[in-house]
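Line order of the protein sequences matches chains A and B.
Here the first sequence stands for residues 19 to 128, where the numbers follow this note's numbering.
Here the second sequence stands for residues 863 to 974, where the numbers follow this note's numbering.
The set of hints was computed from the structure by calculation and includes no laboratory data.
No experiment lies behind these values; they were computed from the predicted model shown.
Treat the hints with care, as some may be off.
Simulated crosslink set (DSSO-like; lysine-lysine; CA at most 27 Å straight-line) [said to hold, decoys possible]:
no.	chain 1	residue 1	chain 2	residue 2
1	A	LYS91	A	LYS127
2	B	LYS903	A	LYS40
3	A	LYS91	B	LYS906
4	A	LYS110	B	LYS903
5	B	LYS871	B	LYS903
6	A	LYS33	A	LYS110
7	B	LYS871	A	LYS110
8	B	LYS903	A	LYS33
9	B	LYS898	A	LYS40
10	A	LYS27	B	LYS929
Covered stretches of chain A (in silico footprint by chain B; criterion: 3 or more residues with CB under 8 Å from a CB of chain B, positions within the stretch not fixed) [to be verified]:
no.	stretch
11	44-51
12	61-67
13	114-124
We put the beta carbon where it would ideally sit given N, CA and C, even for glycine.
Spelled out from the first residue to the last, the chains are:
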Amino acid sequence: AQRVTQPEKLLSVFKGAPVELKCNYSYSGSPELFWYVQYSRQRLQLLLRHISRESIKGFTADLNKGETSFHLKKPFAQEEDSAMYYCALTPKEYGNKLVFGAGTILRVKS
Amino acid sequence: DTAVSQTPKYLVTQMGNDKSIKCEQNLGHDTMYWYKQDSKKFLKIMFSYNNKELIINETVPNRFSPKSPDKAHLNLHINSLELGDSAVYFCASSQHGQDEAFFGQGTRLTVV
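Bound-form chain B, shown alone:
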């Protein structure tokens, strides 16, 4: 009964490949996010969706495309992977009007 779950947990892939990370939340929240944690552990928001609508897109390359098929899912597709994309990607969700964000366990992406 995990609240926010991401798959896969680890992803190792070659430069130039296309990959997807999936995220699902069973909390009934209306807002979902993707955050990127770099090698220095710095966390930065990438995208935010509210009721399947994109509301935040923080200067992320076009190679990153989020997709929200419904309120409970927010997937992240990455085209033409680059070495600099190596990071831990965290999905999170919250309910509009409430403060607390609930995070997934993270997906460690390594591009070789």
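Bound-form chain A, shown alone:
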């Protein structure tokens, strides 16, 4: 079975502080992992994917197969980063469906 765990429901940080949103996964195959973000009153959208190894809006995420983790990091949080963040994986043999974690609300305080 595939499972994605985001242990923190809410993460509150001050502007300029580092951010780490935790994500652990359980999957027997070779996973494809993503972070999706939902800003207030906007639709859910892709933030980044592990295969591209890119930095989007200052966020990065490294896949650690040993620890089965895909934590999302940003060195200096901005107020506009406040949103709901979902970690997700795609088990390819089951089509392109996304298995989501429970989500973490990030609040960046000024």
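Fit chain B to the given chain A structure using the hints.
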């Protein structure tokens, strides 16, 4: 020129009623999905269609019936609505072989 659009945005209805939510995408994608977001914001897939064929049906009650008249549309019909059906329903689409899913703005269904 919205990529994935759902109607209605809000739906309030009584228990026992039958309702439909429509979804259309203009991205030329071959795969469409319905996801349910519950009151705790947990997102779970319900259905997936590829080229109008059902490929994923995730233990959803028979009262939920998706219909895909063509590749660009995936509608969700719900019979005999129950209080527990209250949620936000998201439509999404993607192209087979590509990772990114594009989501609609969601339909907030409230059953009273």
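Verification of the supplied hints:
no., hint, result
1, LYS91(A) x LYS127(A), "17 Å, holds"
2, LYS903(B) x LYS40(A), "17 Å, holds"
3, LYS91(A) x LYS906(B), "25 Å, holds"
4, LYS110(A) x LYS903(B), "24 Å, holds"
5, LYS871(B) x LYS903(B), "17 Å, holds"
6, LYS33(A) x LYS110(A), "38 Å, violated"
7, LYS871(B) x LYS110(A), "31 Å, violated"
8, LYS903(B) x LYS33(A), "25 Å, holds"
9, LYS898(B) x LYS40(A), "23 Å, holds"
10, LYS27(A) x LYS929(B), "34 Å, violated"
11, 44-51, "violated (count 1)"
12, 61-67, "holds (count 5)"
13, 114-124, "holds (count 7)"
This entry does not satisfy hints 6, 7, 10 and 11, going by the numbered hints stated previously.
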